[in-house]
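A.B. asks: So the sequences go chain by chain: A, E and S.
Going by our numbering, the residue at position 45 of the first sequence is 45; the numbering climbs one at a time, nothing skipped.
Going by our numbering, the residue at position 180 of the second sequence is 180; the numbering climbs one at a time, nothing skipped.
Going by our numbering, the residue at position 142 of the third sequence is 142; the numbering climbs one at a time, nothing skipped.
Think of the hints as simulated: they come from the structure by calculation, not from any bench.
A virtual CB, placed ideally from N, CA and C, is assigned to each residue, including glycine.
Among the clues, some could well be false.
[Said to hold, decoys possible] Derived CB-CB ranges, DEER-like:
id : chain 1 : residue 1 : chain 2 : residue 2 : range
1  : S       : A231      : A       : R87       : 20 to 30 Å
2  : S       : D57       : E       : T119      : 29 to 39 Å
3  : A       : T59       : S       : P40       : 35 to 45 Å
4  : E       : E102      : S       : A31       : 47 to 57 Å
5  : S       : G134      : A       : V69       : 28 to 38 Å
6  : E       : F33       : S       : G134      : 44 to 54 Å
7  : A       : V69       : E       : A22       : 45 to 55 Å
8  : E       : G296      : S       : D190      : 32 to 42 Å
9  : S       : R131      : E       : P173      : 22 to 32 Å
10 : S       : D71       : A       : I156      : 53 to 63 Å
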Amino acid sequence: MGTRKGYDLELKEINDRVETMGKQVLLAIDRTIIALEKMDVVAANAIMKNDALIDAMETDIEERCIQIVVKQQPIASDWRRLASYMRMISDLERIADNCSDIAIYIKKLASLKTVTPPAHLGEAFSSMRQMVADMVEAFHNEDLQLAEKVVKADDIIDELFEKNVQEIRDAIKADTDAIEQYLDYLFIDKYVERMADHVTAVASWISFITKGELNIMFTDRYARESKDNPQ
Amino acid sequence: MTEIKNEQTKDLTPSRGLIGRAKAVDRIWTVVFYLVALFFLLLLFAFAGYVIIKGFAGATPEMFRFDRNGIGNYFFNTIYLVFLSLLISVPIGVMGGIYMAEYAKDNAFTKFLRIAIETLSSLPSIVVGLFGYLIFLVATHSQPSLLAGSICVAILSLPLMTTTTEDALRSLPPSYKLGSLGMGATLRQTIQSVLIPACVPRIITGVILAAGRGFGEAAALLYTSGSDTNIKWNPHAWINPSLNPFNPLRRGGTLSLKTWSSFTASVGAEDVANLSAAILMILVLSFSLLAHYLEGRIRKKMGDTK
Amino acid sequence: MSENSKFTARNLNLYYGDFHALKNINFEIEANKITALIGPSGCGKSTFLKTLNRMNDFVEGCKIEGDVLLDGKDIYKTDMSAIELRQRVGMVFQQPNPFPKSIYENVAYGPRIRGIKKKSELDEIVETSLREVGIWDEFKDRLHKSALGLSGGQQQRLCIARTVAVHPEVVLMDEPTSALDPISTMKIEDLAVEMKKKYTIVIVTHNMQQANRISDTTAFFLLGELIETGATKDLFLNPKNKKTEEYITGRFG
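This is chain A alone, in the form it adopts within the complex (with noise of 0.2 Å):
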């Protein structure tokens, strides 16, 4: 270090940002969760609103890697991150567009008569949320381990989902008047799924970060029903 001052405090700085973003997104998906418990509408707009400032931290982000590419030319380490972070920032801020998506559901679910949510819906949630929420400390820390851990927990998203799936199936199949409702929570329950991905996503490139490997550890998923039902 020393040789290069302006640029290392820079790409600290770029670093800061993401890591800043990435807290943002977290405290988004808090805030979604609670309004969803509490069907409050006040809370599901201001998920919305707030949407604005992650978009403008994802533009300044990205606008400062073009400017540090264009003049520093970084390489090796240097050139892994910023490329690192000009694709998680655009993950992390399709996370939170979901979150303002669940809360236009929330928004109409409120306006509607109430029903039971699915029941593995919470834990879907609380799990994408504990995957973000070790996301944001893996990227603080480098720590390889717990972005493998992020990676791993999307299979327990993807079991969630398939039973909430059923259980909504069930629910309508009960209650035939509450299918509005129920296709609202079915929404929520596949953005919950597509969350995770992103968060895999993000966590992958941490991986790529540390040891400059590029194995993006998306959802198996595809692989996985593409080989069970053969066509």
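Based on the hints, put chains E and S in the right spot on chain A.
C.D. replies: Only chains E and S this time, still in chain A's reference frame:
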């Protein structure tokens, strides 16, 4: 970076008076140098002008003849003798220069050789003349000849040719040599095909200086070439080899010798001496100009616009 | 020694007098690839390059231990002469160094010293060599003009043409673009990439981006040691040695 304070830079700014004084001193010295240059130029013009005008003022048409009475034959002898001496000194001098620049190891022998060359270059020409007289004439029982004279002149110009060639080779960019060797050329091929051609302009300068010295040489020729001349331009007379102008073994006085001998010979021959001096002057000047022109042409062809 | 290796250095040590300039180098250079040698000034990369065509023979007090094999034959111990070696392993220098001759004579120089005298043959070699480096159309109307009147970039490409005119197997390039402007640099880089189809290229460069752009293999030298070598795409993305990482990201010292 930002720690550099403004006051510091301000302190270093010289005062207006100091700049003014420096400028004035600069101007004065510029004028002084111009005056010195002008003085040399005037000296040359005045000297050359005086010699040439005075020479031609007392000249008669007979003096220009290529016969016993004219100085034409001396004019020819001068050029022929210098030509012969260059024929000896240029190849040997250039080879010596190549040896010193490319082959000589950094040892005591080379150091000794260098001292020898330097000593040779400061040798008085009368000493060389005497040496030539003893070796080429007395020891071999020969008559004074153009060849003996030209060898003496060659000895005088050898150190110049050697050092000129050596300096020229040393001042070439090392990349020429490395480039050629890097292509698998031998050192001899490199010297012959790249280095020496690149040195030609500098070597020509050396040849001009050597020739200039030869044209004016008198002391070294005094005992070796003979100060009179008797040649015939009619080929039928060449049955007697001493009458053949191109026979290097014949006697042959040069213009500088003629100038000297005419003064000492008799009254009335003074005009011949003056004309000889004038012709010699013109010869040296025109040779110098021609050589500079040639050098420029070669440089231009090589693309060296310096 | 692998099948495809052109040069192999085994336990190579080089000394300039008492100075140990190359320390136990083991390295293979693959045929028809561009190998970049990088490292800070005085690290031994240029010295290593010079051992490949014995240009260090001209450095006084230079002593070599170990083996340098060209196609499996030791270039220092077999009967191969340095002259023959340099005909097979050409060199392009840092400063463009055309001879003070015409463009034509520069390219014809190599063939001439190898004894080719026929004008028609030389004409053909000059044309194909200039075409090969892509400057025939630029130069064909002024073949007999001095090479010293060309721009730096043109001179360097002429020097490359001069080198390939004798059909070497390997072309060594010692910082060939460090004296050139960016456009000329790009032209030389494109040329090098084009040339590797026919030749094995070893290039010393201080320009990290250049090594990254054009080379297949990169070797990092430091204080006379070969610190790391590997496929360029891996070395610049994920160097294994911390010193390599520090050097290529500009955080050295």
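A.B. asks: Lying within 32 to 42 Å: is that true of the beta-carbon distance E:G296 to S:D190?
C.D. replies: For S:D190 against E:G296, whose Cβ atoms are near 39 Å apart, the range 32 to 42 Å holds.
A.B. asks: Could you tell me whether the CB distance from S:D57 to E:T119 stays inside 29 to 39 Å?
C.D. replies: 35 Å, holds
A.B. asks: The hint says 35 to 45 Å between A:T59 and S:P40; measuring C-beta to C-beta, is that right?
C.D. replies: 39 Å, holds
A.B. asks: Look at the Cβ atoms of S:D71 and A:I156 and judge whether their distance stays inside 53 to 63 Å.
C.D. replies: 59 Å Cβ-Cβ, so the 53 to 63 Å window holds.
A.B. asks: Is 20 to 30 Å a correct range for the gap between the Cβ atoms of S:A231 and A:R87?
C.D. replies: 23 Å, holds
A.B. asks: Determine whether the Cβ-Cβ distance between S:R131 and E:P173 falls within the hinted range of 22 to 32 Å.
C.D. replies: At roughly 28 Å between Cβ atoms, E:P173 and S:R131 fall inside 22 to 32 Å, so the hint holds.
A.B. asks: For the hint 44 to 54 Å, verify it against the beta carbon of E:F33 and that of S:G134.
C.D. replies: Distance hint for E:F33, S:G134 holds at roughly 51 Å.
A.B. asks: With respect to the beta-carbon atoms only, verify the hint that S:G134 and A:V69 lie 28 to 38 Å apart.
C.D. replies: At roughly 31 Å between Cβ atoms, A:V69 and S:G134 fall inside 28 to 38 Å, so the hint holds.
A.B. asks: Do E:E102 and S:A31 keep their Cβ atoms within the hinted range of 47 to 57 Å?
C.D. replies: 36 Å, violated
A.B. asks: Range first: 45 to 55 Å. Now tell me if the beta carbons of A:V69 and E:A22 are that far apart.
C.D. replies: Between A:V69 and E:A22, where Cβ atoms are some 51 Å apart, the hint holds.
In this structure, only the earlier hint numbered 4 is contradicted, and the remaining ones agree with it.
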